[in-house]
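Peer 1: Chain residues, written in single-letter form:
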Amino acid sequence: MSTATASMGSSSTTLRNAVIRLAGNSQDGIQSIGGFLARLAGRTQHDVMTYMTIPSTISGGPSIFQLHLGSGEVLHPGDESDVLVAFYQHSYDAHFSSLREGGLCFYDSGEVTELKQERGIHHIGIPFTAATVEAIGGSARDRGKNMFVLGLLCAVYQLDRDKLAGIVSRQFGKKDESVLRNAMLAFDAGYAYPIGDMGTFHFEEGEHTDEHRLSTDGNTLMTMGLIAAGVRYGSAYPITPWSSIMETLRSELPKYGGLYVQAEDELAAVSMTIGAAYAGHLAVTGSAGPGLSLKMEALSYASMAEIPLIVINVQRGGPSTGLPTSVEQSDLLQAIYGSHGDCPRIVLAPKDVEDCFYIALEAGKLAREYSCPVIILSDQALSSRIEAFTEPDLDQHWMEPGLDLAERPVDFKPYPLDQITRHAPPGSKMASGRYPHVTGLEHDEWGHPSGNPKMHQKMTDKRRNKLVALAKSLPLPEVHGDAEGDALLIGWGSSYGPIKESVNRLRAEGHKVGAAHLRHLHPMPAGLDGLFAKYKHVIVVEMNDAGVYGYGQLAMLLRASLADPKIQSVCKTDGLNFRIGEIVTGVEKVLAEK
Amino acid sequence: MSSATLEATASAAPAADKLTKKILTADHPTWCPGCGDFAVLAAFYKVLEKLQYPHEKIVCVAGIGCSSRFPYFVNSHGIHFIHGRALPLATGISLSRPDVHVFVFGGDGDGFSIGGNHLNHAARKNVKLTYVIMDNFVYGLTKKQTSPTSPQGFKSKTDPSGSIDRPINPMKQLLASGATFIARTHAAQVKHMMDTFERAILHDGFSVVECLSECVMFYSGSFDDSTPRKGGVYDIIDETQHDVTDDVAAFKMADEPSPGKFGVYYQVERPTKNALEQKWIDSTQAKLAGLSQKEILKKRLETMR
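So the sequence lines, in the order shown, correspond to chains D and R.
With the working numbering applied, the first sequence corresponds to residues 1 to 594, in that order.
With the working numbering applied, the second sequence corresponds to residues 1 to 305, in that order.
It is worth saying that the hints were derived from the structure and are not from the lab.
All values derive from a computational prediction rather than experimental measurement.
All C-beta atoms in this analysis are idealised placements derived from N, C-alpha and C, irrespective of residue type, glycine included.
Among the clues, some could well be false.
[Stated by the list, open to error] Have a look at the derived ranges for each label pair, beta carbon to beta carbon: (1) R:302 with D:179: 42 to 48 Å; (2) D:453 with R:270: 48 to 54 Å; (3) D:465 with R:22: 50 to 56 Å; (4) D:207 with R:57: 55 to 61 Å; (5) R:238 with D:400: 31 to 37 Å; (6) D:417 with R:166: 34 to 40 Å; (7) R:302 with D:400: 44 to 50 Å; (8) R:278 with D:431: 27 to 33 Å; (9) D:16 with R:288: 51 to 57 Å; (10) R:302 with D:134: 34 to 40 Å; (11) R:176 with D:56: 30 to 36 Å; (12) R:57 with D:471: 55 to 61 Å; (13) D:458 with R:176: 47 to 53 Å; (14) R:18 with D:400: 56 to 62 Å.
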């Protein structure tokens, strides 16, 4: 939400932040101009969070890209927009209501013919299509009108034209020369288009002081994090919204001497990845909800055989094929408990785009240290949204891949009861002359099948106690806001920013509330009960169904493990990110109950 | 595993660099007396003795089934995986570790039923490994259900009045899949089995051998028609008459009625996935010569500034 009123006139208005919604069809390239603006924010010490909808169709269909740009911290993509750019009548009709009172609407005057006169919205009609065709000439038709709009927004918001042009030329530079030329012709036409006396806007200086800020989406950064963690091998099967991670790994890993394999199905993908892990590498597979279900048998194996493995699940709307391009957090229980048998594994969730890098690093460390599967629960919102953040310091975080083929000592046992399993990959000599077997059958310390009741109990203890030890070593999440009071909001995954912003609003309204975000979902840090004791209510905010008993998935787990009746839920499943207003209203409702 | 066996292998190892049957022997097999799989195991030991690969470079992989217990009985690196997925697991090992020799063992259920799709894809990708399918025409570990290779009319617990489904023809299926070495042998024909294994192992690509191996408990007499001492005929392919690079001829041969022919049906040289991926890795890395891995990632991150 804007903190400055866009007063009309020929003056320049200074803004602290603005929400811009671009509405068109998916082939219009609105994602790319949104991406350019988001990258620019990163380069001008501003902050940004984007949000987009993609139709679940093969080509075409209505689509939006929304950017929240700001000088300080931007925590959410915006409940309502300050500016709407409507490419078509249907875009205008569907998104007019997203504009705040007194907002600004740019529309393609060749497409949008019926306007609504209400709520003091200012309309500015510009022939995007005709002006683009005129600028590029020839048979260009309307391709490039996104660049025209980018130029227009650059002028209206007094953005750094040279930096923006640099980002554009780097993007198009790899393509045919005429592509960049046409793009810049359209951009310049938009930049120079006379928009009358509406005046211009100017962002306050960006407040970020870090030397290098990056801006990208969560899937891209997660991939970089995996490489930094030492991942060099793996396999997957394409599925939205996971695919872009496997595509990037496929093209990036050969640079590092590694290899990413497209498998014939999800079962083969996880199996090949376990093969690479057994062979001594840190390996990753990934998918979205339905694909994770297909991997479940092999994941149970990885728990039993104690194979270090990273598994990414970019959650989307379910059940079944569900809403493939929408956001939901409904795979938590599947991630923790989705396999047969008692099969301990670690489950983590990144809180924002920047955290996608660090969660991948942590997953790599934990997989190695505890020799078990580590599932990262990302989601569709994180996968595609762009944020700006401080460039990670690789000198500090880089982890060498390594393949340990050292000769194993005479007393080596693949499954020692008194130590964490450290597999000897093929190629490593055994001083004892006795070679190890890795197995999914219950086994003794040498990996020999064993149905001995005592041995099964001991091995079950061994596998589970790794997680008990991990829980004790995990720090409690930091609390944002009041350290005690009316309510503690608990969240996980991509709703970190919106929950934090909601706490800011609730506190401004006089409530004593705090928020804690769980990055470690299984095991959870020990001592949460002590933290919860400081609040009258604990409200778990998550994007999954409130369920038969009225509690979302994380709330249910917390209630089951802590038996604390003050744990309540604020849930939703409409396939969209939480709006600040929804969280605030939900929390106020709980607070008003008693 | 008896502790006596453990000590025996442990004490024998340090002195001997040479790979011997004694060194390669691990647990005593849990197969039923008379099972054809014993002969397959013995033949495998013998071929390894001949090939003398470094002990630590041998990996045995299996899925689920009687024959899939194989890795436990070989004193080498071994992994016993889940039902039907031994091939993709082995693919992960082979592609990420070109220095080791990957051997996959399994049965007809693993290979042609629950893991059937993986057989097609590992074959077309020409992943460097050797896969021995110990085919007994029946599910033995689960005590006599119909298998994908059970002949029509076979009475099992799931087909009490005789199997009605047409069985898979392994040779035809493998020929269509694009495997580059396809052979058929018999556990009761030790010499032929060893020769076939050796050729398969030395083939640079995806080599697969269907090895008929009788289940004496649940399908006794299944392979009498190819067992000379039981009155059958063991008809070995005459390679002066059969061109092993001719897939159409191989396909025709695969259509012969039971017991059919034994030997190498098909063998061609085609670049392995291992080699093609390595070529891509090498050409990609050549463009980055001089940069450390950390620097490569740093440069990539800089493009996001």
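Peer 1: If you check each hint against the structure, which ones fail?
Peer 2: Hints 1, 3, 5, 6, 7, 9, 12 and 14 not satisfied by this model.
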